[in-house]
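> Below are the chains, spelled out letter by letter.
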Amino acid sequence: MAEMLDPAALSADDARAVVAELETLADDEFVMAERYIDWQVRGPTLEADLAIANIAQDEYGHARLWYDLLEDFGRTESELIWERPHDEFHHTTMAELAFERGDWADCVLRSYLYDHSERLRLEALEETTYPRIADRVGKVVGEEHYHRDHAENWLERLSEKPRPNEAHTRLQDALDRLYPHALTMFEPTEHEEQIVESGIRPVPLADLREDWLAITTPFLEGLGLTVPVPDLPESGVRGRDGTHTDDWRGLYNEFTYTYEMLDRDPAKLMVDPDEAGV
Amino acid sequence: MAPLDIATVKARAGPREFGPGDDMPEEYRRAATRMIQFHANSEIMGAYIERPYIRQAPSLDRKLAVSAQVQDEIGHGQLLYRAAENLGIKTREQMLDELANGEGKFLNCFHYPINSWYELPMIMFFVDGAAMRRQATLKRTSWEPYAHAIDKICFEEGFHIKHGEDILREIASGSSHDRELLQEAFEKWWPRILQFFGPTNDQSVHGGFAMDVGLKTMTNDDLRTAFLNAYLPKAEKYGLEIPDTPHVEYDAEADRYEVAEEDLDWEEFGEVARNEDPTGAEQINKRHRRQAAVEWVREAIVDDSPGVGTTSAAAD
Amino acid sequence: MRWEVFRQEKKKDYHVHVGDVHAPNAEMAKQYAQVMHARRKPANSLWVVPKESIETVEADDHDVAMGGLTQREYRWATNYNTGEMAEEIQESEAEQVEAERERKKAAGDQ
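Protein chains in written order, with the numbering used here: chain A, 1 to 278; chain B, 1001 to 1316; chain C, 2001 to 2110.
Incorrect hints may appear among the rest.
Here are the simulated lysine to aspartate or glutamate pairs, DMTMM-like style, with alpha carbons at most 25 angstroms apart [as the list claims (entries may be wrong)]:
no.: 1; chain 1: C; residue 1: Lys2030; chain 2: A; residue 2: Asp149
no.: 2; chain 1: C; residue 1: Lys2105; chain 2: C; residue 2: Asp2063
no.: 3; chain 1: B; residue 1: Lys1162; chain 2: A; residue 2: Asp263
Honestly, the hints are just simulated from the structure, not real lab data.
Only chain A is shown next, with the shape it has when bound in the complex (with noise of 0.2 angstroms):
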């Protein structure tokens, strides 16, 4: 393994480089929560309910985790929340995909895509050069797990009719819909060379890649989807490079709303009358 870093005395290439794995982390999970979030009160049993708003918590705080260590950097969690522009944000764009009313099969699909992008990651992370990443990764995959279960335990619930039935139909048109995007979650930084070579994550994006697609294919072909073709979305959006959905966009400015109107003044924010050009 690489010498640990000394995170008081980094190199600036090895800054930037931190900075854009921990960003891509917490931007991940940040996300993801806001789209779990969306479930609650409308899931398909009190149950059910309970378990995704878990979820949802445990993503928001270890969206924190990272956010935290960012705050190494200069920012606050309010500045790298609230008001860091949108097209800054670095998540995969399947995290910030709507999805329609009713549409269980693309919440735990999409669940089931990231949970093992994550741990893969974050195994790959345990080896880390950067002693605080090191110091939380343990408290992350710990979390985890319940997700993928609870992910895996849906799907294989959901594919246990005989087919064509509706779930299968519905699991099919999420997997074809969200596929391409979860394929950004492996989209390099133009840092990515830095952050292997430092150690701060020893594997490259490309092998975490081929480890996915080696797990997710099986399991998805074991339960009768057709897995499509692994290519990025058409669009041209990549997520760890800035460009977003239009999905994006809204939910951003939906998060924002409350933000940005309390502990305003009107007056600050009014042109004054006498200097309007009306």
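Given chain A, put chains B and C in place with the hints provided.
Below, chains B and C without anything else, positioned relative to chain A:
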């Protein structure tokens, strides 16, 4: 063995006196089901109007807290429907169906949507505070499974009200714009909050019997007085002005707050209570659409192997 | 399906009934039980049991004589008059006296 007769039930009525081992007369079982179902429905509909504020929360702390509160409320619904099922009148599925299709009754305050963050503490502090006041008295209800569920609810609910108060405090110490909007929100919700406990001359249809058999242990009037004693000073603490109408006056001699009943719109309350008010009907319909949208899931996971369980198709 | 949930607070405690969860199978029942019945106060262990697997015997049932109907003094310490006794025997007798008092109280209330 015949069920207990009503006279015996009334004579024995006391805290946690009756449980699943007792053969309760139908009138008692229906009254208890009605009460508990109303409570469970209220938890669900309260959660429903709060949920948009998980996304709206302006900090991670607040997001987590609002998510946890909404989660708790669904959990409370689960416990309460279960407590009601023990009475043998309705299943959980039936009660959930009734709620979705507009037959299920619930608290007046949850018939109205929350339109902004400023209105959130009106629900999370004042309304939940009123609910907590009522719940504290229900620890002494005569139906033991209900009291048992209440114990768990009270355990969880303390943080809801304190968090609601924290949100109120934060807004109240914000800009003058914030404080103005907060006052507006308060004035909008105040009459509804005063009506939370229902008609205080106890002309409510079912109130008398529920008191006689120990299901209900405090009159609407006493509950409201206790609530005002605790929460009016809080409102003042956060700079909220109590509106002139509905008129509320402190009677020092009687050591209680008097509310001018004629200032309250009991007609609207009645409509709301019967699910006939358009705003409330819209809330019910919106939720119904959401529930209908996931019906396919419930159907997909029904175990239809022979000889398994006899509960309805909506069982999971 | 309905599953009854039993909680064990700490190692070596008995599992106590705390409520139920609705779930299609044991895996989901276990997942749900954790969130429904142990998210605030983590338990050491949870059991989930299909409701229909639970067999019941009720004291009220007509052919049930819970604990027996005929005289059973022979198994009560109070039945024997043997003078002084060791401390632990005294404790056992005291417990039985208390239990008998409770039983009479419950029977009297019916």
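> Indicate, hint by hint, whether the structure satisfies it.
Here's how the hints hold up against the structure:
{"no.": "1", "hint": "C:Lys2030 <-> A:Asp149", "verdict": "holds, 11 angstroms"}
{"no.": "2", "hint": "C:Lys2105 <-> C:Asp2063", "verdict": "holds, 23 angstroms"}
{"no.": "3", "hint": "B:Lys1162 <-> A:Asp263", "verdict": "holds, 21 angstroms"}
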